[in-house]
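*Asks:* Now for the letters of each chain:
Protein chains: 2
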Amino acid sequence: MGRLAWISLVVVLAAVGTGVYWSYDDFDPESLRGATVVITGCSTGIGEEMAYQYARLGAKILITARRENRLKEVVAKAVSLGAQEAHYVAGDMGKAEDCERTIQTAKEKFGRLDYLVLNHDGSSVKNLHEKFGKEESWDDDPDMDFFVDYLKINLVSYVRLASLALPLLKESSGHVVVMSGIHGKVPFPTLAWGAAVKFGLDGFFSSLRVELIKAGQDVSVTLALVGFIRTPMAEKMYENKEGGQAMLDMAAPMDQTVQAIIHAGATRAREVYYPAGMVWTFAKLRAFAPGLVDILLTKMEM
Amino acid sequence: MGRLAWISLVVVLAAVGTGVYWSYDDFDPESLRGATVVITGCSTGIGEEMAYQYARLGAKILITARRENRLKEVVAKAVSLGAQEAHYVAGDMGKAEDCERTIQTAKEKFGRLDYLVLNHDGSSVKNLHEKFGKEESWDDDPDMDFFVDYLKINLVSYVRLASLALPLLKESSGHVVVMSGIHGKVPFPTLAWGAAVKFGLDGFFSSLRVELIKAGQDVSVTLALVGFIRTPMAEKMYENKEGGQAMLDMAAPMDQTVQAIIHAGATRAREVYYPAGMVWTFAKLRAFAPGLVDILLTKMEM
Numbered sequence: 001m002g003r004l005a006w007i008s009l010v011v012v013l014a015a016v017g018t019g020v021y022w023s024y025d026d027f028d029p030e031s032l033r034g035a036t037v038v039i040t041g042c043s044t045g046i047g048e049e050m051a052y053q054y055a056r057l058g059a060k061i062l063i064t065a066r067r068e069n070r071l072k073e074v075v076a077k078a079v080s081l082g083a084q085e086a087h088y089v090a091g092d093m094g095k096a097e098d099c100e101r102t103i104q105t106a107k108e109k110f111g112r113l114d115y116l117v118l119n120h121d122g123s124s125v126k127n128l129h130e131k132f133g134k135e136e137s138w139d140d141d142p143d144m145d146f147f148v149d150y151l152k153i154n155l156v157s158y159v160r161l162a163s164l165a166l167p168l169l170k171e172s173s174g175h176v177v178v179m180s181g182i183h184g185k186v187p188f189p190t191l192a193w194g195a196a197v198k199f200g201l202d203g204f205f206s207s208l209r210v211e212l213i214k215a216g217q218d219v220s221v222t223l224a225l226v227g228f229i230r231t232p233m234a235e236k237m238y239e240n241k242e243g244g245q246a247m248l249d250m251a252a253p254m255d256q257t258v259q260a261i262i263h264a265g266a267t268r269a270r271e272v273y274y275p276a277g278m279v280w281t282f283a284k285l286r287a288f289a290p291g292l293v294d295i296l297l298t299k300m301e302m
Numbered sequence: 001m002g003r004l005a006w007i008s009l010v011v012v013l014a015a016v017g018t019g020v021y022w023s024y025d026d027f028d029p030e031s032l033r034g035a036t037v038v039i040t041g042c043s044t045g046i047g048e049e050m051a052y053q054y055a056r057l058g059a060k061i062l063i064t065a066r067r068e069n070r071l072k073e074v075v076a077k078a079v080s081l082g083a084q085e086a087h088y089v090a091g092d093m094g095k096a097e098d099c100e101r102t103i104q105t106a107k108e109k110f111g112r113l114d115y116l117v118l119n120h121d122g123s124s125v126k127n128l129h130e131k132f133g134k135e136e137s138w139d140d141d142p143d144m145d146f147f148v149d150y151l152k153i154n155l156v157s158y159v160r161l162a163s164l165a166l167p168l169l170k171e172s173s174g175h176v177v178v179m180s181g182i183h184g185k186v187p188f189p190t191l192a193w194g195a196a197v198k199f200g201l202d203g204f205f206s207s208l209r210v211e212l213i214k215a216g217q218d219v220s221v222t223l224a225l226v227g228f229i230r231t232p233m234a235e236k237m238y239e240n241k242e243g244g245q246a247m248l249d250m251a252a253p254m255d256q257t258v259q260a261i262i263h264a265g266a267t268r269a270r271e272v273y274y275p276a277g278m279v280w281t282f283a284k285l286r287a288f289a290p291g292l293v294d295i296l297l298t299k300m301e302m
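Protein sequences, first through last, are from chains A and B.
So for the first sequence, UniProt numbering puts the first residue at 1; every next one is plus one.
So for the second sequence, UniProt numbering puts the first residue at 1; every next one is plus one.
These aren't lab readings, by the way, just hints derived from the structure by calculation.
Among the hints, a few may not be true.
Pairs of lysine-lysine residues, derived as DSBU-like cross-links and limited to a Cα-Cα distance of at most 35 Å, are as follows [to be verified]:
no. : chain 1 : residue 1 : chain 2 : residue 2
1   : B       : 109       : A       : 170
2   : A       : 131       : B       : 107
3   : B       : 109       : B       : 214
4   : A       : 214       : A       : 241
5   : A       : 214       : B       : 131
6   : A       : 126       : B       : 214
7   : B       : 126       : A       : 126
8   : A       : 126       : B       : 134
9   : B       : 131       : A       : 170
10  : A       : 214       : B       : 299
11  : A       : 72        : A       : 214
Using the sequences and the hints given, assemble the complete structure.
*Replies:* Take a look at the structure:
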């Protein structure tokens with residue numbers, strides 16, 4: 001297959017992906033008025049934006065993060081934007097007791113749970129801003145302590161929070177939304193540690209989805225696969241870098257990304273790709289032409 | 001799309017998969033004479049069979065497992081079958097020091113390493129025989145202690161062993177072979193915990209492969225995706241079960257499975273599917289028709 005044929009294939013797949021993505025829009029914003037939502041990792045970035053968008057839709061939210069002062073600010077803004085209720089749990093989701101406290105608080109405050117949005121991303125060993133921006137392959141610095149910690153905070157806690165919330169979610173025919181990224185479907189270089197976690201989330205939550213269907217439980221599971229989004233972290237990483245501004249201009253806007261994820265959760269979509277063309281195409285292409293994807297990835301600046 | 005059309009699609013994909021699988025056979029058994037091979041989890045099943053097949057090909061092997069008495073027996077048989085050398089490390093790969101001791105021993109005994117075959121599967125919290133056979137969905141018994149332990153032994157240790165071995169493997173243009181299963185590509189119900197680990201291995205090792213290509217390092221990474229194999233564990237699980245004998249008769253023979261994996265490792269294949277038709281078809285179908293695969297999986301007896 002020649003180069004042109006491959007490029008054509010990519011373009012066709014991208015078009016189909018975008019088409020599929022835009023064709024389902026049975027989203028009813030009213031369904032979120034009064035809905036009870038737990039969102040983790042809300043001190044900044046996508047989580048913070050999510051809190052505001054759920055707030056604008058009139059939801060009751062409970063948000064978590066480690067920094068209490070930031071949570072207070074986000075809660076205040078969420079209330080001003082229209083949240084029916086807004087609460088927070090300051091805690092580290094890497095700790096079992098903080099996960100338990102989060103779900104327990106949701107139960108006490110709301111009495112029910114409609115949405116569990118698993119979004120936090122953290123490490124107590126390394127600064128993730130640094131780690132993401134370092135463009136370092138695993139082999140240059142195989143940091144096992146970081147890897148174990150990253151698994152604990154970003155995979156184990158997702159499974160733990162979902163397990164704790166399932167009894168509530170079953171009662172309400174609720175929704176689980178799991179944040180992932182292109183490295184949850186595509187083996188991105190310099191993110192081997194992150195791909196381990198995000199692929200792992202796909203394995204666990206996609207199996208859980210099948211188990212729930214099999215058991216006749218009406219709980220939806222949505223995996224959100226986001227590409228390069230213009231988050232505050234991305235801005236910090238790229239603004240002073242050579243060619244960084246061009247990268248940032250190409251990045252998907254955060255508000256539209258969050259909107260797509262909220263839609264997908266509410267409409268019980270299995271997966272949402274954003275921006276659809278790029279992420280969907282890479283993910284699908286990987287299944288049938290993994291060698292080609294490997295080559296494309298080795299040529300990519302991260 | 002009607003039922004017949006779907007079935008036709010599955011058949012066509014299966015045929016293509018089998019064709020692709022059988023078309024690459026540039027395997028030279030002589031390349032393994034004197035090759036140095038570390039294989040983990042060799043007290044029974046696929047690992048034990050692997051030790052014997054590498055032995056027959058005249059390799060120098062170092063095997064690991066927890067039970068020293070079993071390792072002594074396997075080493076003795078491997079030598080009688082033609083292994084140029086056979087050593088063992090009795091240890092628990094869930095422990096960092098045992099991983100370090102394994103790679104250190106390989107260095108001391110062989111002075112080089114051509115193959116790292118990551119195959120062990122274990123838990124110190126639960127009997128895996130029981131866990132695999134229990135057909136229990138995660139939600140019926142969300143055992144977080146087991147999950148954390150399973151991650152440690154089956155994901156963290158794979159990453160640790162590979163990281164420790166990479167300097168040796170780079171020197172020898174060596175090979176990493178990573179055992180996975182159909183639940184490393186397909187979200188099998190009742191195996192959510194296992195899918196988290198096996199998908200995670202795909203994420204990590206496929207990213208590592210891209211990083212190695214990018215760095216110009218000639219170390220191959222092979223992911224072995226096996227379906228239902230007639231291992232001693234499978235026999236124990238199914239022999240006294242209703243319909244169990246029929247299941248076992250359908251299972252792929254262990255010797256052919258191991259042969260396929262050894263070939264794939266030696267020929268630097270990216271992935272090997274065995275039995276090819278079934279596992280490959282499910283894996284590929286999942287990329288384009290995940291909803292269909294979910295339905296097929298809910299209908300499947302595990």
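*Asks:* Now tell me, hint by hint, if it's right for this structure.
*Replies:* Hints, verified against the model:
1. B:109 <-> A:170: violated, 56 Å
2. A:131 <-> B:107: holds, 31 Å
3. B:109 <-> B:214: holds, 31 Å
4. A:214 <-> A:241: violated, 50 Å
5. A:214 <-> B:131: Holds. Residue 214 (chain A) to residue 131 (chain B) sits at ~19 Å (cutoff 35 Å).
6. A:126 <-> B:214: holds, 25 Å
7. B:126 <-> A:126: Answer holds: residue 126 (chain B) to residue 126 (chain A) is near 32 Å, not above 35 Å.
8. A:126 <-> B:134: violated, 39 Å
9. B:131 <-> A:170: holds, 25 Å
10. A:214 <-> B:299: Since the Cα atoms of residue 214 (chain A) and residue 299 (chain B) sit roughly 8 Å apart, the hinted pair holds (cutoff 35 Å).
11. A:72 <-> A:214: violated, 41 Å
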